[in-house]
Amino acid sequence: MPITDLYARRATLARSVRLLSEFRFEQTEPARFYGALARDTAAMVVDLWTAAGRQPAGATVLDVGGGPGYFADAFAARGMNYVGVEPDPREMHAAPTLERAGGAFVRASGMALPFADGSVDICLSSNVAEHVPEPWLLGREMLRVTRPGGLAILSYTVWLGPFGGHEMGVTHYLGGARAAARYTRKHGHPPKNYYGSSLFAVSAAAGLDWARSTGALIAAFPRYHPRWAWWMTSVPGLREFLVSNLVLVLRPQHAPD
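Under full-length UniProt numbering, the residues of the sequence shown are numbered 1 to 257, in order.
Because the hints were derived from the structure by calculation, they are not lab data.
The model shown is predicted, which means the values in this text are computed figures rather than measured ones.
Glycine included, each C-beta is placed from N, C-alpha and C at the ideal position.
Careful: at least some of the hints might be erroneous.
Unchecked claim - Pair ranges (Cβ atoms, derived):
| no. | residue 1 | residue 2 | range |
| --- | --- | --- | --- |
| 1 | 214 | 119 | 16 to 24 Å |
| 2 | 28 | 194 | 16 to 24 Å |
| 3 | 149 | 169 | 36 to 44 Å |
| 4 | 206 | 149 | 24 to 32 Å |
| 5 | 55 | 185 | 47 to 55 Å |
To be verified - For lysine to aspartate or glutamate, the following DMTMM-like pairs were computed, each having C-alpha atoms within a straight-line distance of at most 20 Å:
| no. | residue 1 | residue 2 |
| --- | --- | --- |
| 6 | 192 | 167 |
| 7 | 192 | 29 |
| 8 | 186 | 167 |
| 9 | 192 | 88 |
Using the sequences plus the hints, can you model the full thing?
What follows is the structure, given as structure tokens:
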């Protein structure tokens, strides 16, 4: 079975519209937004893992950039062992009232994961690569800690897509520095995701080139699009503007040298 078969059945237009409608609550009701995103992400990971011939129960998921732990309960509900990694203590405590039913949490950088080679079944990074200065070092670390035959799933926001500017909106098309300055003038404070320090221009082409160079890439698709729109990933230029969020699925076959 192709690795994306199960997930493709879930990737409907209705799902895309539902997720898009939740985005408007990111700032005002983060628990609602991130809870919905966590459940959808866990479903995606389980579909990919099941299509690979594995059972989710008992599998270890390392979530790189897990923040305050919204994803923990979604994976625990699937019987999976969740470990969240987050470098920023402010992010780890961003939801002080959040009740985390399961999982372990580690403060560390995704570009230097404090885990042994091949120590986890699944390594996930959801919308983190665009926030680090060396996204493919993050990717290499994810592959390193994933056991041979496991899955490394790296999903990130494409810079030239409509959500590339995050809270700066589509003003990022004016340039990252200019968009950040405009946001600061308008709101009286800099954006949380500041271009050049906590937000970087990451392209779809760069991610695909890196993933192919590893020899471990087994699938790439737009995370929030319905299945019939996945063809956009294969069209250079167009994918930079329309893919929005790219998922790279990699399966390491050998332990790292």
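Now the hints, each set against the structure:
Between residue 214 and residue 119 the beta carbons are some 18 Å apart, a value that agrees with the proposed interval 16 to 24 Å. A C-beta distance of roughly 21 Å is found between residue 28 and residue 194, which places it inside the suggested range of 16 to 24 Å. Restraint check, residue 149 to residue 169: a C-beta distance of roughly 42 Å satisfies the suggested window 36 to 44 Å. A C-beta distance of roughly 27 Å is found between residue 206 and residue 149, which places it inside the suggested range of 24 to 32 Å.
Distance hint check: the CB atoms of residue 55 and residue 185 are about 53 Å apart, consistent with the given range 47 to 55 Å. Distance check on the hinted pair: residue 192 and residue 167 sit about 8 Å apart at the alpha-carbon level, within 20 Å; holds. Our distance criterion of 20 Å between C-alpha atoms is met by residue 192 and residue 29, whose separation comes to about 16 Å. At roughly 12 Å between alpha-carbon atoms, residue 186 and residue 167 fall within 20 Å of each other, so this suggested pair holds.
At roughly 13 Å between alpha-carbon atoms, residue 192 and residue 88 fall within 20 Å of each other, so this suggested pair holds.
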